[in-house]
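In case you want the letters, here they are:
Number of protein chains: 6
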Amino acid sequence: MVDRERNVYVVRRVHFSAAHRLWNPAFSDSENWAIFGQCNNPKGHGHNYTLEVTVRGRVDPETGFVVDLTKLKEIMTERIVSRVDHKHLNEDVDFLHGINPTAENLAIRFWDELKDHLPGGELHRVRVYESDQNFAEYLGMEGKP
Amino acid sequence: MVDRERNVYVVRRVHFSAAHRLWNPAFSDSENWAIFGQCNNPKGHGHNYTLEVTVRGRVDPETGFVVDLTKLKEIMTERIVSRVDHKHLNEDVDFLHGINPTAENLAIRFWDELKDHLPGGELHRVRVYESDQNFAEYLGMEGKP
Amino acid sequence: MVDRERNVYVVRRVHFSAAHRLWNPAFSDSENWAIFGQCNNPKGHGHNYTLEVTVRGRVDPETGFVVDLTKLKEIMTERIVSRVDHKHLNEDVDFLHGINPTAENLAIRFWDELKDHLPGGELHRVRVYESDQNFAEYLGMEGKP
Amino acid sequence: MVDRERNVYVVRRVHFSAAHRLWNPAFSDSENWAIFGQCNNPKGHGHNYTLEVTVRGRVDPETGFVVDLTKLKEIMTERIVSRVDHKHLNEDVDFLHGINPTAENLAIRFWDELKDHLPGGELHRVRVYESDQNFAEYLGMEGKP
Amino acid sequence: MVDRERNVYVVRRVHFSAAHRLWNPAFSDSENWAIFGQCNNPKGHGHNYTLEVTVRGRVDPETGFVVDLTKLKEIMTERIVSRVDHKHLNEDVDFLHGINPTAENLAIRFWDELKDHLPGGELHRVRVYESDQNFAEYLGMEGKP
Amino acid sequence: MVDRERNVYVVRRVHFSAAHRLWNPAFSDSENWAIFGQCNNPKGHGHNYTLEVTVRGRVDPETGFVVDLTKLKEIMTERIVSRVDHKHLNEDVDFLHGINPTAENLAIRFWDELKDHLPGGELHRVRVYESDQNFAEYLGMEGKP
Numbered sequence: 001m002v003d004r005e006r007n008v009y010v011v012r013r014v015h016f017s018a019a020h021r022l023w024n025p026a027f028s029d030s031e032n033w034a035i036f037g038q039c040n041n042p043k044g045h046g047h048n049y050t051l052e053v054t055v056r057g058r059v060d061p062e063t064g065f066v067v068d069l070t071k072l073k074e075i076m077t078e079r080i081v082s083r084v085d086h087k088h089l090n091e092d093v094d095f096l097h098g099i100n101p102t103a104e105n106l107a108i109r110f111w112d113e114l115k116d117h118l119p120g121g122e123l124h125r126v127r128v129y130e131s132d133q134n135f136a137e138y139l140g141m142e143g144k145p
Numbered sequence: 001m002v003d004r005e006r007n008v009y010v011v012r013r014v015h016f017s018a019a020h021r022l023w024n025p026a027f028s029d030s031e032n033w034a035i036f037g038q039c040n041n042p043k044g045h046g047h048n049y050t051l052e053v054t055v056r057g058r059v060d061p062e063t064g065f066v067v068d069l070t071k072l073k074e075i076m077t078e079r080i081v082s083r084v085d086h087k088h089l090n091e092d093v094d095f096l097h098g099i100n101p102t103a104e105n106l107a108i109r110f111w112d113e114l115k116d117h118l119p120g121g122e123l124h125r126v127r128v129y130e131s132d133q134n135f136a137e138y139l140g141m142e143g144k145p
Numbered sequence: 001m002v003d004r005e006r007n008v009y010v011v012r013r014v015h016f017s018a019a020h021r022l023w024n025p026a027f028s029d030s031e032n033w034a035i036f037g038q039c040n041n042p043k044g045h046g047h048n049y050t051l052e053v054t055v056r057g058r059v060d061p062e063t064g065f066v067v068d069l070t071k072l073k074e075i076m077t078e079r080i081v082s083r084v085d086h087k088h089l090n091e092d093v094d095f096l097h098g099i100n101p102t103a104e105n106l107a108i109r110f111w112d113e114l115k116d117h118l119p120g121g122e123l124h125r126v127r128v129y130e131s132d133q134n135f136a137e138y139l140g141m142e143g144k145p
Numbered sequence: 001m002v003d004r005e006r007n008v009y010v011v012r013r014v015h016f017s018a019a020h021r022l023w024n025p026a027f028s029d030s031e032n033w034a035i036f037g038q039c040n041n042p043k044g045h046g047h048n049y050t051l052e053v054t055v056r057g058r059v060d061p062e063t064g065f066v067v068d069l070t071k072l073k074e075i076m077t078e079r080i081v082s083r084v085d086h087k088h089l090n091e092d093v094d095f096l097h098g099i100n101p102t103a104e105n106l107a108i109r110f111w112d113e114l115k116d117h118l119p120g121g122e123l124h125r126v127r128v129y130e131s132d133q134n135f136a137e138y139l140g141m142e143g144k145p
Numbered sequence: 001m002v003d004r005e006r007n008v009y010v011v012r013r014v015h016f017s018a019a020h021r022l023w024n025p026a027f028s029d030s031e032n033w034a035i036f037g038q039c040n041n042p043k044g045h046g047h048n049y050t051l052e053v054t055v056r057g058r059v060d061p062e063t064g065f066v067v068d069l070t071k072l073k074e075i076m077t078e079r080i081v082s083r084v085d086h087k088h089l090n091e092d093v094d095f096l097h098g099i100n101p102t103a104e105n106l107a108i109r110f111w112d113e114l115k116d117h118l119p120g121g122e123l124h125r126v127r128v129y130e131s132d133q134n135f136a137e138y139l140g141m142e143g144k145p
Numbered sequence: 001m002v003d004r005e006r007n008v009y010v011v012r013r014v015h016f017s018a019a020h021r022l023w024n025p026a027f028s029d030s031e032n033w034a035i036f037g038q039c040n041n042p043k044g045h046g047h048n049y050t051l052e053v054t055v056r057g058r059v060d061p062e063t064g065f066v067v068d069l070t071k072l073k074e075i076m077t078e079r080i081v082s083r084v085d086h087k088h089l090n091e092d093v094d095f096l097h098g099i100n101p102t103a104e105n106l107a108i109r110f111w112d113e114l115k116d117h118l119p120g121g122e123l124h125r126v127r128v129y130e131s132d133q134n135f136a137e138y139l140g141m142e143g144k145p
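So the sequences go chain by chain: A, B, C, D, E and F. Letter by letter, the first sequence follows residues 1 to 145 of this note's numbering. Letter by letter, the second sequence follows residues 1 to 145 of this note's numbering. Letter by letter, the third sequence follows residues 1 to 145 of this note's numbering. Letter by letter, the fourth sequence follows residues 1 to 145 of this note's numbering. Letter by letter, the fifth sequence follows residues 1 to 145 of this note's numbering. Letter by letter, the sixth sequence follows residues 1 to 145 of this note's numbering.
Simulated from the structure, these hints should not be mistaken for laboratory data. There's no promise every hint is true.
Note: identical chains are not told apart, hence a pair may lie in one copy or across any two.
Straight-line alpha carbon distances no greater than 20 angstroms define the calculated SDA-like cross-link-like pairs of lysine to any residue that follow [what the hints assert, rightly or not]:
| id | residue 1 | residue 2 |
| --- | --- | --- |
| 1 | K43 | V81 |
| 2 | K115 | E31 |
| 3 | K43 | I99 |
| 4 | K43 | D132 |
| 5 | K115 | T77 |
| 6 | K73 | N24 |
| 7 | K115 | P42 |
| 8 | K115 | D68 |
| 9 | K71 | G37 |
| 10 | K71 | Q38 |
Extracted from the complex, chain A is given alone in its bound form:
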């Protein structure tokens, strides 16, 4: 792990729109309604999501960058946004198959998709906003926010 002294944290946000449905096929219909309420609507509902990624690292003295944010955005677009934007998260996204697409689970899966593909620095935090009013964040196995 990177030595945390002298670290700077840089943050980039991108946006996508997607449909999803919260349910567990192992539950009965009435259990799904009891647990997930209106989020269990069979035809789905949707959100304007925001994906926020934080990278930590030392500042390169020649560029003044922890990481090139243009390249970071390209990776976020290639590995996440191009696969989830204008999609149905339960139906259309290979790396989300078999999970319930809550903000919590999205944060973990997005972390796994991004972790080894950064153009520099180290992945510190992935935050997924379903709206301005609620979001989830994941910091990896050792993560402390």
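Given chain A, work out where chains B, C, D, E and F should sit, using these hints.
Relative to the frame of chain A, chains B, C, D, E and F by itself:
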């Protein structure tokens, strides 16, 4: 029509989350993709929508209100939000059947649902935000913004 | 009235925080609760207000300004913000005495306070936000938004 | 304390409007004005507050939730919002008696009200926004943000 | 001019970052400082601008669109954003030569650049935000907001 | 270092507008364009920046403050905003000479300017937003967010 002198305009916003798909069943698949692009994804996508309603009228000298905003919100919730929130707009909503659920068409239909049910004042404008970056507004047959 | 051809509209927002109580002393207590609900709490409640002022006029070819926004802000501060910020609107503000401080009434009174004191252009619209979710606007006796 | 490995953090925001006055009855009037400035206005002022609560925990593999956000919002509403919304924080709120209602003190008191009543997970952070420009946060006795 | 009955208005926002300096070379240095204040800093300052374009028209019954917002964004990008983003507005932009780049003048020039190039509908309004706190809008020679 | 138990964190945001150019004079022109892209535009571009400062400390039992936010804002204005607002960051600001004005470097330099001048508490974090979509934060030599 109401005399517009001395009018005050009051505005209330509410939010809902829904899935939708842009397509016209009279078009071929390739036409639908050419016209609607990724918004034509068959399983749908979704948004956090904002519905903004503007009511105009004179200020009641006893209450200081054009319209009681609590009652206005109740009407907006009863006639719109309770029927579209956490729904699929193409599939689940009776008063949207047979239209393509663009922001433009939503604004017109929401206008029709609200126009004769206000608790006071006169409906001036209905605005539907799909996101912070795009929205549509309708002001009725004679509407000038 | 100014010829409206070639007009440009410029808008300035400022913020203030204040307490208020909605009630009418001519009503009984039960009438006040029935009409104003929790906004009638006797000790008051409060908001972060936004005052938004729109001025219309032709662009001065030498400065590129309709109105100097720094001077406009000074007038808004002097005539409104300095008198309402961190105040109780029912108790502390001379030009609001005797009215119920709804957003509608604030918009009209702020209009009256600003109308003849602009550093240029003509007052077009005064908008008062109680929150991101509701606001009122006034455009004067002939106002059309 | 919960093992922090594999934790996910979920965040919920709610809003309320309230009046308050900053002062210490043990100070003289001139001391109160010197320390609290315009926030010491005797009749009070007010804000649109945002209460943001962060809960940490492991993701339930059956639901995909750290905590049911609908239930979390209910607790936040029952234990905080219903007692402070449209109230005067110095006068009307039992669990705030005897403190100066700064954002700092609100964060600590809201933490105490919520800590043992969560529907799941563990309370991680309470943040209280007075406006978009300033806020306070509390993370408990061992809290590190 | 288009018949305004049954019109719907659609709005698209895009963002760009640019440097500018407010000054008039015909003024003396002291006049420039007196009129433009700190906006006259010789090396310039800058903003994150938002360009908001409103198009009015009837809704196409086959597509549900007033105008294809994807195409509208392409035009806005091609004719405005690609020429002003990450530029110095006084130095680098051909269609702004010889004007003082106030928000008022930008709104008029952007209108002229867009008016005859829309992919559908009719240009109704161009709004240029310098920040959340101030902006200018232009509605053409006959424009009434 | 301050005992972190019982700490509360208070946060204040201020805004400024500035021009900047990303480049390293030790690089060739083509290297500068390859690394910094459009941010290397020779005449510069600009942003509406937000500076967010977090101070940690114990709550004074007499005032309810960790730090007087009015005084904190004064320090932020005096030591940072008055020196960078409406300036060109590469040209006009003494304490930024010789660095590339990325958000990362601004965060570190602002930290150094503020660290020993707080009116109370201890500097915990400095965050610099270039826009809503990207920002950098610094927490000092031992900083853990």
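Which of the listed hints are not met by the structure?
Result: hints 2, 4, 6 and 7 break, sorted rising.
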